[in-house]
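*Asks:* Listed here are the chains, written in short residue letters.
Protein chains: 2
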Amino acid sequence: MPGERPHPDGLAAGRGEVFQLLRDGRPRTRAELSAETGLARSTIAERIDTLLAKGLLRSADKAGSTGGRPPATFTFNPQARVVLAADIGATHATVALTDLTGDVLAAEEKKVDLAVGPRAVLGYVVETGTALVERTGRAAADLLGIGVGLPGPVEHSTGKPVIPPIMPGWDGFDVKNHLGERLGVLTLVDNDVNLMALGEHKAYWPDEPNMMFVKVATGIGSGLISDGRLHRGSAGSAGDMGHVQLPHGADVPCSCGNLGCLEAVASGSAIAARLSAAGITAETSSDVVALARAGSVDAVQQIRQAGRDIGEVLATAVSLFNPSVIVIGGSLSQAGEHLIAGVREVVYRRSLPLATTELRIVQSRAGNQAGVIGAATMVIDHALSPFGLDALLER
Amino acid sequence: MPGERPHPDGLAAGRGEVFQLLRDGRPRTRAELSAETGLARSTIAERIDTLLAKGLLRSADKAGSTGGRPPATFTFNPQARVVLAADIGATHATVALTDLTGDVLAAEEKKVDLAVGPRAVLGYVVETGTALVERTGRAAADLLGIGVGLPGPVEHSTGKPVIPPIMPGWDGFDVKNHLGERLGVLTLVDNDVNLMALGEHKAYWPDEPNMMFVKVATGIGSGLISDGRLHRGSAGSAGDMGHVQLPHGADVPCSCGNLGCLEAVASGSAIAARLSAAGITAETSSDVVALARAGSVDAVQQIRQAGRDIGEVLATAVSLFNPSVIVIGGSLSQAGEHLIAGVREVVYRRSLPLATTELRIVQSRAGNQAGVIGAATMVIDHALSPFGLDALLER
Chain E
1 MPGERPHPDG
11 LAAGRGEVFQ
21 LLRDGRPRTR
31 AELSAETGLA
41 RSTIAERIDT
51 LLAKGLLRSA
61 DKAGSTGGRP
71 PATFTFNPQA
81 RVVLAADIGA
91 THATVALTDL
101 TGDVLAAEEK
111 KVDLAVGPRA
121 VLGYVVETGT
131 ALVERTGRAA
141 ADLLGIGVGL
151 PGPVEHSTGK
161 PVIPPIMPGW
171 DGFDVKNHLG
181 ERLGVLTLVD
191 NDVNLMALGE
201 HKAYWPDEPN
211 MMFVKVATGI
221 GSGLISDGRL
231 HRGSAGSAGD
241 MGHVQLPHGA
251 DVPCSCGNLG
261 CLEAVASGSA
271 IAARLSAAGI
281 TAETSSDVVA
291 LARAGSVDAV
301 QQIRQAGRDI
311 GEVLATAVSL
321 FNPSVIVIGG
331 SLSQAGEHLI
341 AGVREVVYRR
351 SLPLATTELR
361 IVQSRAGNQA
371 GVIGAATMVI
381 DHALSPFGLD
391 ALLER
Chain S
396 MPGERPHPDG
406 LAAGRGEVFQ
416 LLRDGRPRTR
426 AELSAETGLA
436 RSTIAERIDT
446 LLAKGLLRSA
456 DKAGSTGGRP
466 PATFTFNPQA
476 RVVLAADIGA
486 THATVALTDL
496 TGDVLAAEEK
506 KVDLAVGPRA
516 VLGYVVETGT
526 ALVERTGRAA
536 ADLLGIGVGL
546 PGPVEHSTGK
556 PVIPPIMPGW
566 DGFDVKNHLG
576 ERLGVLTLVD
586 NDVNLMALGE
596 HKAYWPDEPN
606 MMFVKVATGI
616 GSGLISDGRL
626 HRGSAGSAGD
636 MGHVQLPHGA
646 DVPCSCGNLG
656 CLEAVASGSA
666 IAARLSAAGI
676 TAETSSDVVA
686 LARAGSVDAV
696 QQIRQAGRDI
706 GEVLATAVSL
716 FNPSVIVIGG
726 SLSQAGEHLI
736 AGVREVVYRR
746 SLPLATTELR
756 IVQSRAGNQA
766 GVIGAATMVI
776 DHALSPFGLD
786 ALLER
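So the sequences go chain by chain: E and S.
The first sequence stops at residue 395 when you use the numbering used here, and every number in between is there.
The second sequence stops at residue 790 when you use the numbering used here, and every number in between is there.
Careful, some of the hints might be misleading.
Reference listing, derived: stretches of chain E covered by chain S, where coverage requires no fewer than 3 residues with Cβ under 8 Å from a Cβ of chain S [unchecked claim]: (1) 152–163; (2) 206–213; (3) 221–230; (4) 233–239; (5) 314–328; (6) 354–361.
Simulated from the structure, these hints should not be mistaken for laboratory data.
By construction, the Cβ of each residue, glycine as well, lies at the ideal position given by its N, Cα and C atoms.
Using the sequences and the hints given, assemble the complete structure.
*Replies:* Written out as structure tokens, the structure reads:
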């Protein structure tokens, strides 16, 4: 009879399984854990002791029911650690602190100017993050890691922005090491829309393996969930629908150098520019939303048409990617149903019946928290995976 | 010290790991297997004995070098079993027999008329498949399973065609059970282009996790490989680019009921129809290819333009999906470089630099074997996975 063996990924057999099972939040007894994993009771006991000592599990017994005996049922303790999440957008940055389920415990939002460069912007993230940890009464040692979303292409493996069009001075900056050195914790970086897709999926659509998240604000981008996982593509630029050319917009110049890109026609800034040209004061995507909310027929008509233009590109995306849910987020989606009505109008007319029979096109529920939930989820999924957990327990 | 435990998926610990390691084809000794898996030598010995008995491993010792002792090095034996693969297209069906690496041992191709219905076409598959097994000197018991590709949408989990436009009488037919009952083996069914993508990826691009395969023949379709796995989408219709609307083709009616679909403009049959209208005799995609090969300037110009039209849709696909390789296959790709030249012309002009820097657009290397290699790969990957292997070894 062979003895216990090390797990292929370096984790002692069973420590991973016990914890991964309990991450669903359902309390279990030792006997249940033994039955579900096939591990010996003695192994279960040892694993539980380790996880209890690290705070990752807690007793789920009713208060006073154990009469001084050791706890009998155990559950995942999402308060064991905290995670920092930063969602850096074109005009605003949100820094949040979450627990180990990605629930936001505290957050701060601030206007930022990305052109001041990475050191200044990331300095704000470190300062705000540290303050949030203190303000919520947590120790610095409780911090599991930080996840960061940036409004441009990011090479996920190195955490460096790659020629980001709206981030002057950020190209190739080592965001991962810069933050990692200052905070001394695991740091992961990705494109902001990818993280919004991940956050919306984790929080509201965990049972839909194929989802598309579209952000419509200053720019237009999307994130794809394929078979439950983020599809980043070979250069990390998957979901980049803002620079797809619209057939009827060929004369509108785009910041990328081409003509007629979706973003140049249907983004919040494009609408603001058209409204301004018509004598209606609007500079930003938020101004357009404010006008629509105040009843401006021009703004509402422009938003509806932007939805139709976005729908033209999404009709192709539906044929190619066949998601069961398209979530529309970003500031321009917050002006009521106008944007999404335009999207639905074109997608359901243009796409094949098979791809739209069970397709839902819905508004973001995570709203402006999608990005920080996604950034936290990226860190949690990495750190609490069997491999990450091993490193965590060795510390 | 706890004893041996059952594997979470029901497989005794280690039997899976030893075999999965050896599937790379590299011979290993017991000591090497022990070091790589962390399993005890006694466990390794037991696993190897089981796998040798089933023929899935064989000795890799030099002949005569062991002096009568038991073998010292072991390797995967791809000849242990055989797999049937059927690639059923709009006009032709190919039935092949492969080994456990997907290498084709024997194949037969025949013209088929799908309108004769599923029973007749699948009867041909069973008859030809059985003949191939016999002709190659294999026993019926050696057959691991059969994989089938169909030219239309397929619900992969049930193996049933879903409202397939060019397969009258096939809608909802239970292909999986029909073949499973006749052959008595594992039967898996998928869309033909998905399987061509899988075959081309397995045989020629295993190190490129994000790939797109485009089939241009009677119709136009594509298959997507995301992070090394087939992206089927929520209704199994992912990659359906034939019915994306082209901006400039709005007046051409398509078999799907819409106007201006890519397939109605740029498929082999669409070109054949235009050539006919111009007085040049051509009925099928193959006729167009034959004309181009014979030097018809009209046919070559039409193929080049079809490439540009396909490029218009692929430019959007590149932005959304960000593959590192686009493989162009199907009969129309076999008329030299004309089709692919048109595709490259538009994709490299239209897509963002980040997405095209490392993008290669290449001709299919698997050619008309892509479909059967993919069908066999689908069966092999399923049957030799840790879960599938367990079932195989219990038989």
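*Asks:* Which constraints among the numbered hints does this structure fail? Numbers only, ascending.
*Replies:* Going through the list in order, the structure violates no hint and respects every one.
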